Structure formats: C-alpha cells, structure tokens
Amino acid sequence: MRHWLLKSEPDTFSFEDLKERPGRTEPWNGVRNYQVRNYMRDEMEPGDLGFFYHSSCPEPGIPGVIKIVSAARPDPHAFDPKSDYYDPKSDPENPRWLLVDVAWRADFTRFVPLTELREHPELSELLILRRGNRLSITPLELADFRFLCRLGGVDPKKL
DNA sequence: GCCAACGTTGGC
DNA sequence: GCCAACGTTGGC
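Take the first sequence: its position 131, counting from 1, is numbered 1038 in this note's numbering, and each next residue is one higher.
Worth double-checking, as some hints may not be accurate.
[To be verified] Here are the computed lysine-lysine pairs in the DSS-like style, where the Cα-Cα straight-line distance is at most 25 Å:
| no. | residue 1 | residue 2 |
| --- | --- | --- |
| 1 | K926 | K1065 |
| 2 | K926 | K974 |
| 3 | K1064 | K914 |
[What the hints assert, rightly or not] Now the in silico label distances, taken between C-beta atoms and shown as ranges:
| no. | residue 1 | residue 2 | range |
| --- | --- | --- | --- |
| 4 | E966 | Y993 | 27 to 33 Å |
| 5 | K1065 | E1029 | 18 to 24 Å |
| 6 | R1017 | D987 | 18 to 24 Å |
| 7 | E916 | N1001 | 27 to 33 Å |
| 8 | K989 | T1022 | 35 to 41 Å |
| 9 | K1065 | E1000 | 42 to 48 Å |
Calculated from the structure, these hints are not laboratory results.
None of these values were measured; they are calculated from a predicted model.
Glycine included, every Cβ here is placed at the ideal spot set by N, Cα and C.
Using the sequences and the hints given, assemble the complete structure.
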C-alpha cells in the first residue's frame, strides 16, 4: 500500500465538501499533469490512504485522512466542451486524462497547518514542502504518513 | 531536439 | 498583488 497527499483549493472543493458527498466519495477530476496522471495510473491502488491538503487559502494545511477507493479510470470532463477541464486532444478511444475516486476516511482532531509541517525536521523530505513543487498529488513515505497522522491526533493503526 | 515565451501554481 | 518555480507550447 502506498500513501498520498492530495491538494485541493478549499474554495473549489474542500474536505468538508467531500464529507457531504453521497457516500462521502468524490471523483478526483481535473488532473491535467502527466506526472500526476501517471501516479494515479501506475502506482495508486484502491485501499491506499492519504491526506487531504488545503492549498491557496488563508491557512494551508491538512484537515484529515482520505482513502483511494477506485482504480484509475478516464476523466469524463476531458471530453465535455462545456467543462473547464475540457481537452480537445483527449481521444475517447484513448483517454489522455484519468481520475480516481476518493473517499473521506477520518477527521483530524485538529487541523495541522503548513507552518507546523515546516517546523518538524522529521518531515523535511515531504515533497509538498520542497520549493517549487506544484504537483497536486504527491506520494508519502509510510513513516511520514504515520507521523502526520499523529500530529493530527489520529492513530494510524486504527485506519 | 532546442529553447524562449507564456501560463499556472501557491505561499506570502 | 508579487514572485519564484516549473510545465507546456510552438517556432525553428
């Protein structure tokens, strides 16, 4: 099993929004970066755990834990000319863009802000903390996953 | 294949 | 709003 960090702008789609979806599950659509697509296609598996991360907002940080609940499948928005995510170069016979279904798994007992992540030398390898990293999905080492769970007041053994 | 121009991301 | 970083595009 691998672990992940998924970024979203809360004005667009927040952790709270995810909890309000039917089945507390949402298709993670709109990925238009090849490296992130390849993560979903080649490395993600149903059952993988990860974190929701709020970006581009007054207080960036992690509100809780999510779970990947589907394999990668074509992102239908890529074929919809009315969608902001429309890509005329994506051929339905050979879809360029993929998504996975993401489900709420657990709330943190307290929000863990980005400023706090930067204070922990244990987390210095976190891709999200590296300068210039803009990938909307990044892999996490197991040790980092566990460390972050504990920062958020969640026991990783109970997930 | 190179690379300059441009667009986007995201913290501050 | 600023700016650093990086991906994409397109001319050559």
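Here is what the structure says about each hint:
1. K926 - K1065: Holds, because 19 Å separates the two Cα atoms, which is no more than 25 Å.
2. K926 - K974: Holds, because 12 Å separates the two Cα atoms, which is no more than 25 Å.
3. K1064 - K914: 24 Å, holds
4. E966 - Y993: 27 to 33 Å: 32 Å, holds
5. K1065 - E1029: 18 to 24 Å: 21 Å, holds
6. R1017 - D987: 18 to 24 Å: Since the Cβ atoms of R1017 and D987 sit about 39 Å apart, the hinted range of 18 to 24 Å is violated.
7. E916 - N1001: 27 to 33 Å: 30 Å, holds
8. K989 - T1022: 35 to 41 Å: 39 Å, holds
9. K1065 - E1000: 42 to 48 Å: 44 Å, holds
In the structure shown, a violation is registered for the earlier hint numbered 6 alone.
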